[in-house]
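K.L.:
What follows is each chain in one-letter form.
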Amino acid sequence: MKTTTVIIGAALLVLGAQRSPADEISPEAQSAAQHVAVTTCAICHGPQGRSIAPKFPMLAGQHRPYLVAQLKAFKGQTRGDPDALGYMWGMAAPLDDEMIEALATYYSVQKPGPGRAVDAAEIARGADIYAKGVAEEGIPPCIACHGPGAAGTDDFPRLAGQHAQYLLKQLRSFQSNLRNVAVMHGVAKELQGKEMSAVAAYLESLGGA
Amino acid sequence: MISSRVLRATSVIGSLLIALLIAPVAQAVPSFARQTGMACEACHTVFPELTHFGRMFKANAYTIDNLKPVRGITATKEEMLALSGLPPISLMVQVSETNLSKPIPDGIVNGNVSQSDTAAFPQQVSLFYAGKIAPQLGAFIQLTYGNDSGTIGIDNTDIRYASSQLLPGDRSLIWGITANNNPTVQDLWNSTPAFGYPYAASKAVVSPLAGTQIDGALAQDVAGVSVYAMWNESLYGELGTYRSAKQGAANAVTGAAGPLDGTTSNIITGGAPYYRLAYEQQWGRNSLSVGVYGATFKLLPGGTPGSLSGPANEFRDTAEDFQYQMIGEKHLVSVAGTHIREKMTLNASFNPAGGGAAENLSDDLTTTRLTGSYFYKRKYGATLMLFSTTGSHDAGLYSLDNGLDPTIYAPGVITSANGLPDTKGWVAEVNYMPWLNTRLTLQATQYSKFNGGDSNYDGFGRNASDNNSLYLLAWFNY
Numbered sequence: 001m002k003t004t005t006v007i008i009g010a011a012l013l014v015l016g017a018q019r020s021p022a023d024e025i026s027p028e029a030q031s032a033a034q035h036v037a038v039t040t041c042a043i044c045h046g047p048q049g050r051s052i053a054p055k056f057p058m059l060a061g062q063h064r065p066y067l068v069a070q071l072k073a074f075k076g077q078t079r080g081d082p083d084a085l086g087y088m089w090g091m092a093a094p095l096d097d098e099m100i101e102a103l104a105t106y107y108s109v110q111k112p113g114p115g116r117a118v119d120a121a122e123i124a125r126g127a128d129i130y131a132k133g134v135a136e137e138g139i140p141p142c143i144a145c146h147g148p149g150a151a152g153t154d155d156f157p158r159l160a161g162q163h164a165q166y167l168l169k170q171l172r173s174f175q176s177n178l179r180n181v182a183v184m185h186g187v188a189k190e191l192q193g194k195e196m197s198a199v200a201a202y203l204e205s206l207g208g209a
Numbered sequence: 001m002i003s004s005r006v007l008r009a010t011s012v013i014g015s016l017l018i019a020l021l022i023a024p025v026a027q028a029v030p031s032f033a034r035q036t037g038m039a040c041e042a043c044h045t046v047f048p049e050l051t052h053f054g055r056m057f058k059a060n061a062y063t064i065d066n067l068k069p070v071r072g073i074t075a076t077k078e079e080m081l082a083l084s085g086l087p088p089i090s091l092m093v094q095v096s097e098t099n100l101s102k103p104i105p106d107g108i109v110n111g112n113v114s115q116s117d118t119a120a121f122p123q124q125v126s127l128f129y130a131g132k133i134a135p136q137l138g139a140f141i142q143l144t145y146g147n148d149s150g151t152i153g154i155d156n157t158d159i160r161y162a163s164s165q166l167l168p169g170d171r172s173l174i175w176g177i178t179a180n181n182n183p184t185v186q187d188l189w190n191s192t193p194a195f196g197y198p199y200a201a202s203k204a205v206v207s208p209l210a211g212t213q214i215d216g217a218l219a220q221d222v223a224g225v226s227v228y229a230m231w232n233e234s235l236y237g238e239l240g241t242y243r244s245a246k247q248g249a250a251n252a253v254t255g256a257a258g259p260l261d262g263t264t265s266n267i268i269t270g271g272a273p274y275y276r277l278a279y280e281q282q283w284g285r286n287s288l289s290v291g292v293y294g295a296t297f298k299l300l301p302g303g304t305p306g307s308l309s310g311p312a313n314e315f316r317d318t319a320e321d322f323q324y325q326m327i328g329e330k331h332l333v334s335v336a337g338t339h340i341r342e343k344m345t346l347n348a349s350f351n352p353a354g355g356g357a358a359e360n361l362s363d364d365l366t367t368t369r370l371t372g373s374y375f376y377k378r379k380y381g382a383t384l385m386l387f388s389t390t391g392s393h394d395a396g397l398y399s400l401d402n403g404l405d406p407t408i409y410a411p412g413v414i415t416s417a418n419g420l421p422d423t424k425g426w427v428a429e430v431n432y433m434p435w436l437n438t439r440l441t442l443q444a445t446q447y448s449k450f451n452g453g454d455s456n457y458d459g460f461g462r463n464a465s466d467n468n469s470l471y472l473l474a475w476f477n478y
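Protein chains in written order, with our numbering: chain F, 1 to 209; chain Z, 1 to 478.
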């Protein structure tokens, strides 16, 4: 019951987000976005969205609607996790809707990098939680929304290959509601630290498309 | 009566002393945070040390701007004005207390001594214009009041233009031009002199006699222009030239600000070439840069009764540096080092017939610094630096008494009895940062060797350890 509520809530949340088709973006705007991405965003998010430092999320291959929603949340200052405040509120402030769409398009078509596996036992635990959840704690399986291989969909972010450090910080921010997303708060509020670490390690180990 | 020989020698080493007497200045500038809308931690590990993002922000001419600008565009959408809605102004205040291990001789009454402690309120107040000027033009301009000079003067200044290009494979190329007043102030890493550790130091201590020219000797005394390029946020190259740009110097005939004549000292002849090459690699939370830099300064001693004609003293500085950073969520580690070698050819100061201000035609001087720093959550930190300056024996350059009557004025202290410039020791400090723009520091400096000796280095009974100091600093930026 709890799981179903979470999934329906997530679907409603994402479907409510505004989306614009990529073909509405002018070639000039797309070119300008590429310049911004390479010369500014890449300083933290790495070449073609494959960030080097684990503080900054991988953006390569991330789904466009998710990126658009996040950039708008940064600009509107409605996403409140620590690095959103410290970095992205400022960076997103001058972006207009067309630039947001074009940046999201740029990153959505980049090739994701390979996964990085560290601790096989932890990854196995994480894979189990990802696929099955933790029934006794009422934690739903992540796979229900984020899909097989954590590739995500248009409506749910890709998590495969994401930096574990970033994922952990986000899970903690969902848990504390610093990043105020009701669906993920529902998922993360009962997660133990070790469970978060395991899921993050599993997701970081995933590569490919 | 001060002999002309003393004056000539003083002019040779004068700039070394001047630079060392001007305590290192370093800055972190909240107006950048206001302009970008980003927290200090984006650009700084702990101010003023830069992160990779901070280095790129500087390379991009301080122009990343997330404020709504006052704009002017042409019909073809060419941007003619993008003025910050808020002026990028910041203030910095340092107040401090210094304890010198042993008082120095009284400057007037022979046999008396100075106080041991110095309260500095303020030690320094700086006003910055730091931020964007125009779409691709930005500046870091610092005006400083210092309690040592008691006046307001120009401090570190770097005005730069930058442009960025897309290269195949979505790589970036940034290139730019900087005009600045201190060799290495334009550099991106904290392993070079201008923005190297110590980031703050007492102005109420005895400073060692010798330092290389590129190590701050000419700070705020020159004007330089250089072009630079950075490929793929990793390979950096820069070439430039410096000329003398004296502050507060007047032409003897006209009383005007120039042209410079023989009444000023240590004037660069022509242009002094400057170069820099560095490579930075990032992996995970880590980054490592290695590089080389250097410059050749041909200086006319000048100064009464010197003149602008005749041979010049050449100082050829070559240096290597590195910087390692590990920036974690809780733990931050930085290690930086530089090794500077100076070859001096003292054509002006050396006289083969004897009596010159320098004993040798050729001297060398080497400075090495190695600094390690750790911070926990950007709040609690500690830093240790080992430093060493060694060089050739030159009784002319280093053994001079200060030329003043020792029965009236303080003898020794800043001089060397054995003609060696060697100084070695360490600086250690602990920091508490209640907020990211406020730094409280307790710093200790210890010398194992000072101006060539460990005991009685000046020939008047002063030991190297007598110049040890404790320094308590409160540093605010807003």
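Simulated from the structure, these hints should not be mistaken for laboratory data.
These numbers come from a predicted model, not from an experiment.
From the three backbone atoms N, C-alpha and C, an ideal C-beta is built for every residue, glycine too.
Certain hints may be false.
[As the list claims (entries may be wrong)] Straight-line C-alpha distance at most 27 Å; calculated DSS-like pairs for lysine-lysine:
#: 1; chain 1: Z; residue 1: LYS298; chain 2: Z; residue 2: LYS330
#: 2; chain 1: F; residue 1: LYS194; chain 2: F; residue 2: LYS55
#: 3; chain 1: F; residue 1: LYS55; chain 2: F; residue 2: LYS75
#: 4; chain 1: F; residue 1: LYS189; chain 2: Z; residue 2: LYS68
#: 5; chain 1: Z; residue 1: LYS330; chain 2: F; residue 2: LYS194
#: 6; chain 1: Z; residue 1: LYS77; chain 2: F; residue 2: LYS72
#: 7; chain 1: F; residue 1: LYS189; chain 2: Z; residue 2: LYS102
#: 8; chain 1: F; residue 1: LYS75; chain 2: Z; residue 2: LYS68
#: 9; chain 1: Z; residue 1: LYS424; chain 2: F; residue 2: LYS72
#: 10; chain 1: Z; residue 1: LYS102; chain 2: Z; residue 2: LYS424
#: 11; chain 1: F; residue 1: LYS55; chain 2: F; residue 2: LYS189
#: 12; chain 1: F; residue 1: LYS72; chain 2: F; residue 2: LYS111
[Stated by the list, open to error] Calculated Cβ distances over 12 Å to all of chain Z for the following chain F residues:
#: 13; residue: ILE25
#: 14; residue: PRO27
#: 15; residue: VAL38
#: 16; residue: PRO82
#: 17; residue: ASP83
#: 18; residue: ASP97
#: 19; residue: GLY115
#: 20; residue: ALA117
#: 21; residue: ALA127
#: 22; residue: SER176
#: 23; residue: GLU190
[As the list claims (entries may be wrong)] Chain F stretches covered by chain Z per the calculated footprint, using a threshold of three residues with CB under 8 Å from any CB of chain Z:
#: 24; region: 135-149
#: 25; region: 193-200
K.L.:
Give a verdict on every hint.
P.N.:
Hint check:
Straight-line distance between C-alpha atoms of Z:LYS298 and Z:LYS330 comes to about 47 Å, which puts the hinted pair past the 27 Å bound. In summary, the hint linking F:LYS194 to F:LYS55 is supported, as the alpha carbons are separated by about 19 Å, within the 27 Å threshold. Proximity of F:LYS55 to F:LYS75 is assessed by CA-CA distance (about 20 Å); at most 27 Å being required, the pair is judged to hold. Note on F:LYS189 and Z:LYS68: the hinted pairing is violated, with a Cα-Cα distance of about 38 Å set against a maximum of 27 Å.
The straight-line distance between the Cα atoms of Z:LYS330 and F:LYS194 is roughly 18 Å, inside the 27 Å bound, and the hint therefore holds. Taking the CA atoms of Z:LYS77 and F:LYS72, the gap is about 26 Å. The hint holds against a cut of 27 Å. Restraint check: the Cα-Cα separation between F:LYS189 and Z:LYS102 comes to about 61 Å, which exceeds 27 Å; the hinted pair is violated. Pair hint F:LYS75 plus Z:LYS68 holds up; C-alpha atoms about 13 Å apart against a cutoff of 27 Å.
This hinted pair does not check out: Z:LYS424 and F:LYS72 have alpha carbons roughly 56 Å apart, beyond 27 Å. In summary, the hint linking Z:LYS102 to Z:LYS424 is supported, as the alpha carbons are separated by about 18 Å, within the 27 Å threshold. Pair hint F:LYS55 plus F:LYS189 holds up; C-alpha atoms about 22 Å apart against a cutoff of 27 Å. As the CA atoms of F:LYS72 and F:LYS111 are separated by approximately 23 Å, the hinted pair is consistent with the 27 Å bound.
At roughly 18 Å, the least C-beta separation between F:ILE25 and chain Z is larger than 12 Å, which holds for a residue marked as non-interface. Look at F:PRO27: its CB is around 15 Å from the nearest CB on chain Z, clear of 12 Å, so calling it non-interface holds up. With a cut of 12 Å on Cβ distances, F:VAL38 falls inside the contact zone with chain Z, its closest approach being about 5 Å. The Cβ of F:PRO82 does not lie farther than 12 Å from every Cβ of chain Z; its closest approach is about 9 Å, which violates its non-interface assignment.
In this structure F:ASP83 is not separated from chain Z by more than 12 Å, as the shortest Cβ-Cβ distance comes to only about 9 Å. The Cβ of F:ASP97 lies farther than 12 Å from every Cβ of chain Z, with a closest approach of about 16 Å, so its non-interface assignment holds. For F:GLY115, the non-interface assignment is confirmed: its Cβ lies about 15 Å from the closest Cβ of chain Z, beyond the 12 Å cut-off. With a minimum CB-CB distance of about 14 Å to chain Z, F:ALA117 clears the 12 Å threshold, and the non-interface call stands.
Distance check for F:ALA127 against chain Z: the nearest CB is about 23 Å away, which clears 12 Å, and the non-interface claim stands. The non-interface label for F:SER176 is consistent with chain Z: the shortest C-beta to C-beta separation is roughly 15 Å, beyond 12 Å. Every C-beta of chain Z lies more than 12 Å from that of F:GLU190, the closest at about 23 Å, which supports listing it as non-interface. Chain Z is given as covering the region 135-149 of chain F, and this is violated because 0 residues of the stretch bring a CB closer than 8 Å to a CB of that chain, at least three being needed.
Using a Cβ-Cβ cut-off of 8 Å, 0 residues of the region 193-200 of chain F lie near chain Z, which falls short of the minimum of three, so the contact claim is violated.
Going down the numbered hints, you'll see the structure goes against 1, 4, 7, 9, 15, 16, 17, 24 and 25, while the others check out.
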